[in-house]
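All chains should be built: construct the whole structure from the sequences, respecting the hints.
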Amino acid sequence: MRVGYVQTKPEFGKKKENIENALELIDQLDADLLVLPELFSTGYFFPSRRELAKYAEEIPYGRTTKLFQSLAKKKKCAFVIGMAEKKDGRCYNSSAYITPTGEVHLYRKVHLFYKEQFIFNRGNLKFKVFPFYEYKLGMMICFDYIFPEACRVLALRGANIVCHPSNLVLNYCQITMPIRSIENRIFTITANRVGSDTVGDETLKFTGMSQITDVDGNVLVRAGKNKTAVAVQDIDLRRSLKKMPTEFNDLIKDRRPDFYEELLR
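The opening residue of the sequence shown carries number 1 in the working numbering; numbering runs sequentially from there.
Honestly, the hints are just simulated from the structure, not real lab data.
Zero decoy hints are in this set.
Pair by pair, the computed Cβ-Cβ distance ranges are:
no. : residue 1 : residue 2 : range
1   : Glu-149   : Val-199   : 25 to 35 Å
2   : Leu-241   : Lys-14    : 38 to 48 Å
3   : Arg-49    : Lys-253   : 44 to 54 Å
4   : Glu-262   : Asp-236   : 33 to 43 Å
5   : Tyr-133   : Gln-28    : 15 to 25 Å
6   : Lys-253   : Glu-134   : 15 to 25 Å
7   : Leu-125   : Lys-243   : 20 to 30 Å
8   : Val-199   : Leu-67    : 21 to 31 Å
9   : Pro-245   : Arg-90    : 36 to 46 Å
10  : Arg-90    : Lys-16    : 18 to 28 Å
11  : Lys-66    : Asp-27    : 15 to 25 Å
12  : Lys-66    : Leu-29    : 14 to 24 Å
C-beta atoms are modelled at their ideal positions from N, C-alpha and C, and glycine is treated no differently.
Structure representation (structure tokens):
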């Protein structure tokens with residue numbers, strides 16, 4: 001299985017150019033799955049809900065989703081793309097998983113970061129898994145990573161690989177995702193961006209360093225901090241089926257939920 005990330009440098013509000021630049025990076029890649037960053041087509045730092053509504057699209061009926069449906073069929077490649085979604089007068093920070101046959105699955109960000117909570121509506125879809133060949137794929141977006149429950153729920157639902165579109169500004173994620181892989185014995189793909197967005201006198205700088213991690217927490221490939229980048233990595237998803245770090249321990253079956261009552265509050 002060949003999986004990869006596309007690390008982009010979007011300019012805020014320049015959807016056409018941002019999509020074209022992403023497509024140029026994708027063009028020569030040969031993969032079964034490619035993950036793009038959070039809000040890859042619009043940029044991140046929206047100054048207002050009104051501005052967000054101008055750029056948000058419906059999923060799966062918007063132009064960007066339809067473009068990637070066509071691309072998925074042409075390249076026989078699945079895509080996970082992060083974008084601003086509008087639905088019934090609300091706007092979500094969402095990701096779409098588009099299969100090689102053009103089927104679309106949707107996730108909306110549950111844990112909103114920083115000023116997102118004043119701009120986006122909170123995600124209202126559960127952490128679900130979806131078919132990925134003979135395996136299962138889950139999605140989370142950016143700040144979801146810091147809550148271990150997100151990855152654990154996906155793993156309990158059978159995820160073999162978690163796709164993680166991101167616009168990271170803190171320095172924790174790249175050291176945290178290997179732990180998420182170890183905890184759940186899953187593969188992860190974090191697709192981050194580079195560059196910066198500015199609203200008024202505040203600038204957010206993004207950390208790059210997109211990466212792919214394996215079930216033992218090894219970083220198989222990682223991008224740099226400042227430039228656009230792509231990478232494709234061969235992985236064996238069969239490794240994620242074995243949840244036993246020793247011959248006597250199973251990370252799923254050994255759980256003791258009766259001692260985790262506080263997690264339900």
